[in-house]
Amino acid sequence: MAEDWTEGGFGLYIHWPYCAAKCPYCDFNSHVARQIDQAAWTRAYLAEIDRVAGELPGRVLNSIYFGGGTPSLMHPDTVAAVIDAARGRWTFANDIEITLEANPGSVEAGRFAGYRDAGVNRVSMGIQALNDADLRRLGRIHTVAEARAAYDVARTRFDRVSFDLIYARQNQSLANWRAELTEGLAMAADHLSLYQLTIEPGTAFGDRYKRGKLKGLPADELAADMYDLTQELCEARGLPAYEVSNHAVPGMESQHNLIYWRYGDYAGIGPGAHGRVTIREQRFATETQLSPTDWLQAVARGSGESLRTPLTGPEQAEEYLMMGLRITEGIDLRRYAALAGDPLSAEAIAELESLGMIATDGTRLAPTRQGRTVLNAVLAKLLAG
Amino acid sequence: MTDLSHIRNFSIVAHIDHGKSTLADRLIQETGTVKDRDMKEQLLDSMDIERERGITIKANTVRIEYDADDGEHYVLNLIDTPGHVDFAYEVSRSMRAVEGSLLVVDSTQGVEAQTLANVYQAIEADHEIVPVLNKIDLPASDCDRVAEQIEDVIGIDATDAIRVSAKTGEGIHEVLEAIVTQLPPPKGDRGAPLKAMLVDSWYDSYLGVVVLVRIMDGVLKKGDRIRMMSTGATHQVDRIGVFRPQMESVDELGPGEIGFITASIKQVRDTRVGDTITHERKPCAEPLPGFKPAQPVVFCGLFPVDSAEFEDLRTAIEKLALNDASFSYEMETSAALGFGFRCGFLGLLHLEVIRDRIEREYDIELITTAPSVIYHIYMKDGSMFELHNPADMPDPSRIDRIEEPRIKATILVPDEYLGDVLKLCQDRRGIQLDLTYAGNRAMVVYDLPLNEVVFDFYDRLKSVTKGYASFDYQLTGYRADNLVKMQILVNEEPVDALSVMVHRDRAETRGRAMVEKLKELIPRHMFKIPIQAAIGGKVIARETLSALRKDVTAKCYGGDATRKRKLLEKQKAGKKKMRQFGKVDIPQEAFISALKMDT
Ligand SMILES: Nc1nc2c(ncn2[C@@H]2O[C@H](COP(=O)(O)OP(=O)(O)OP(=O)(O)O)[C@@H](O)[C@H]2O)c(=O)[nH]1
Ligand SMILES: C[S@@+](CC[C@H](N)C(=O)[O-])C[C@H]1O[C@@H](n2cnc3c(N)ncnc32)[C@H](O)[C@@H]1O
Ligand code: SF4
Ligand SMILES: [Mg+2]
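Residue numbers (this note's numbering), protein chains in the order written: chain W, 1 to 385; chain Z, 1 to 599.
Derived by calculation from the structure, the hints in this document are not laboratory data.
There may be inaccurate statements among the hints.
As the list claims (entries may be wrong) - Keeping only pairs whose Cα atoms sit at most 25 Å apart, straight-line, the calculated BS3-like set for lysine-lysine is: (1) Z:LYS577 - Z:LYS555; (2) Z:LYS570 - W:LYS210; (3) Z:LYS570 - Z:LYS519; (4) Z:LYS583 - Z:LYS555; (5) Z:LYS555 - W:LYS22; (6) Z:LYS564 - W:LYS210; (7) W:LYS215 - W:LYS22; (8) W:LYS215 - Z:LYS555; (9) Z:LYS566 - Z:LYS528; (10) Z:LYS380 - Z:LYS408; (11) Z:LYS564 - W:LYS22; (12) Z:LYS555 - W:LYS210; (13) Z:LYS222 - Z:LYS266; (14) Z:LYS564 - Z:LYS575; (15) W:LYS210 - Z:LYS292; (16) Z:LYS555 - Z:LYS538; (17) Z:LYS40 - Z:LYS222; (18) Z:LYS583 - Z:LYS538; (19) Z:LYS462 - Z:LYS423; (20) Z:LYS538 - Z:LYS380; (21) Z:LYS266 - Z:LYS292.
Said to hold, decoys possible - Computed beta-carbon distance windows for the label pairs: (22) W:PRO57 - Z:LYS583: 48 to 56 Å; (23) W:GLY139 - Z:VAL305: 25 to 33 Å; (24) Z:SER546 - W:GLY54: 31 to 39 Å; (25) W:SER306 - Z:ASP392: 54 to 62 Å; (26) W:GLY88 - Z:GLU589: 40 to 48 Å; (27) Z:LYS583 - W:ALA20: 29 to 37 Å.
If you're wondering where the values come from, they're calculated on a predicted model, not measured in any experiment.
Here a beta-carbon is modelled for each residue, glycine too, at the ideal position from N, C-alpha and C.
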């Protein structure tokens, strides 16, 4: 039997930990640095690709993703070196997707051609909001006009361009969001990520929230209404959700992210990058040194990896379920049972089905739109048995 | 052996926290019973729970020796007693073993409810009472006012009340002198047949059952064969000694002396507090009058959160009961909570202490159901039974009447809070019996249903009076009232563990408060949940918990898988703390919190 990960494919995630400024809501591993030694970073990435490829030989690579931080601060040569190294160690799938996350500033736009020449064939832009006041409140350093301009440049350089918006922001009304999303949909190509603002502990927003100083956030009811409205508008525009927060013209989904949700294998390279890799039939969760300088030093000593945990069958099943139910295609029940050793509780499935939270045809289990909005409760129910 | 005239036996009694245990410390130290380097605060409060809460739960006896100003050498037996009303029984039986009491009154606070309760008990036991005004080191101390109050409210002469600081040791010498000069020596006849009072008994993991005795007549020696007069059981004494405060062996105990024996007794339940111990061979003619056993008055169910721990819970409860005759238990099954125990306690503090010990010493997480009292249910066929658990209520059509326990509650409160106290008592169906003043403090006496008091009365009293009221009560008897069982239905299903007995007139208010509370306590589910209060099938209050609308993580990519799985696992662990009723998960704290009333 084929190893489980083959059901999801194989991807490479490259983490770039630097940004021009830190956004107050962001809990990603991102830092602001005065100087970045691009050559040193290139050397480190290449060393790590060598190390990882040594353990995962002979694979076909379905995707590379440059995430951050702000990968559009990378020099195009750095990006090119990484892509070339990966090509040297693995076989690229014919339809390999190579994505780079870009911030929508004018400086970035100037590098787009270079990224394209390096091999990048998709960009995902963090536009976040379509009015300047909200952009400022989100701590963004670009304006709507700059974002639009950068986006237009990207459209001319790449076939596939997606952008992100954050909604359910402070003082946002349902009508505001309708207007803003309508504008966004008019701009959109074939993919869109729409995230409700999450207040993460340990961020500036998180601290303000704890002190009761972050006012005007929508209550659950309004947030739920906003989510429902988002589904309607996107569907009407031919961009249905294929995941909780991701919309695409069918066939244009992010292949890389689908590897996560379909619970494939992915190698994580760069500070704080996570991976799921199957080595000699055992799946591991891997993590690397979180701090950029620690990571560089660790790589110089031989490996950036800081943690490698074998995952039991039931743990993998749990991860497969919680990732897989985020996407509209859902999970394969037999695959789940093979990992878990036991099938999901028929009783729980029946109860959730009668509540309209999930749908099943006996082989697959998929969340309904309603189920997606309360996915945590659905998962808790399924996992409790 | 000490001559009777050189023995003094006394208890130290007071309201909670007025400084009994600290005074005992000073007496122990001043007489050199314990070396300075071995002293610690409230030395006699040796149980973990006592040290942690800073209160005395169990009475403790110590023998100290004192060379008095008259040049004579005296043996003093002191018993430090608990102040909290739940353990009033410890005070009353301690008093039966001694001839006098030191009545400690905190001179910054004055006379409080337990001060009064203790005085009445001391008078009933024919004690000589020595008033002691404590905490004179504090700036708020006002001895003259408190002395006057003692005379006014209690009616005993306080002109010679001894002014002390149990903290600094000031006045301790005067206390010792007062003990030898003002308290009477014990009486007794060394030549008469052995007559000893069984004052207390407990289980010691090394020695087995230890029995605290007070010798009235005769002499008790190691190796003697003794008989418990109430049961006829006989034993051989294998150890005999006194507390200093650690155990110290002696050859014999004579009249007037207090000490301990061990006699290969297996269980605390084989001894009866108040029993008379005599010699098997040459028994005394008449037993001592004995005491009424302590009766549990508050009942609740204890269930393990994890039902697999039921057997562990059984072991824990059996072990605790070994050492605490006032704690009762029987197995209980609940449709909602599974297997557990219906337990009886002396009061809420006692309940809390036992629950704490099970959770901590035995590491078992518990669900505690609403406390209830014993109802007398008179059936139409003339029979009567005691209802310990509302879930066992018979069909109302077969019931003639229901009687509930009543108490006489004494509350002392500064004038400015009197109105709030009266309102609280009125709300709890109280009937005012008395209202008097002593200076700016009022003393109110109420006849109240115990049911209205066991749950959160004391908390409410403390909160409406900012902690300035004190409270004491005694059971007075049973009286019929219009009582009904109120059920709670969650998602149309009755939850037996939430059933309560209520007065018909208060049912709507209680029912509404409970369903509102439950609406806050039960997390939202994927469907809407009706929560209802009902009496015999008739719904009297209703709330609807609306369905969960949004509970999803917005972003979840490769790096979030681990974090998300840990979160789910935490959620799963949290779910263990919930109980399932049909399709609804109810958090365990709901079983108690739902009953707390804000008025
Ligand atoms: N300042 C001062 N504090 C005192 C004095 N006597 C006792 N205390 C403090 O009062 C508190 C209660 O003292 P305890 O000796 O535990 O009181 P208790 O009467 O034994 O209390 P229960 O056994 O719980 O009824 C402690 O914090 C003591 O340190 C005193 O003379 N002066
Ligand atoms: C890895 S981040 C950063 C990409 C890029 N640096 C940027 O900010 O444009 C990817 C996306 O996650 C979203 N995001 C980050 N933090 C978020 C939060 N606290 N709540 C909701 N969305 C968030 C933003 O839309 C962001 O574009
Ligand atoms: S949101 Fe993007 S730009 Fe802002 S700090 Fe996070 S990674 Fe950097
Ligand atoms: Mg004490």
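Kindly indicate which numbered hints from before are broken by the structure, ordering the numbers from low to high.
1, 4, 9, 10, 15, 16, 17, 23, 24, 26, 27
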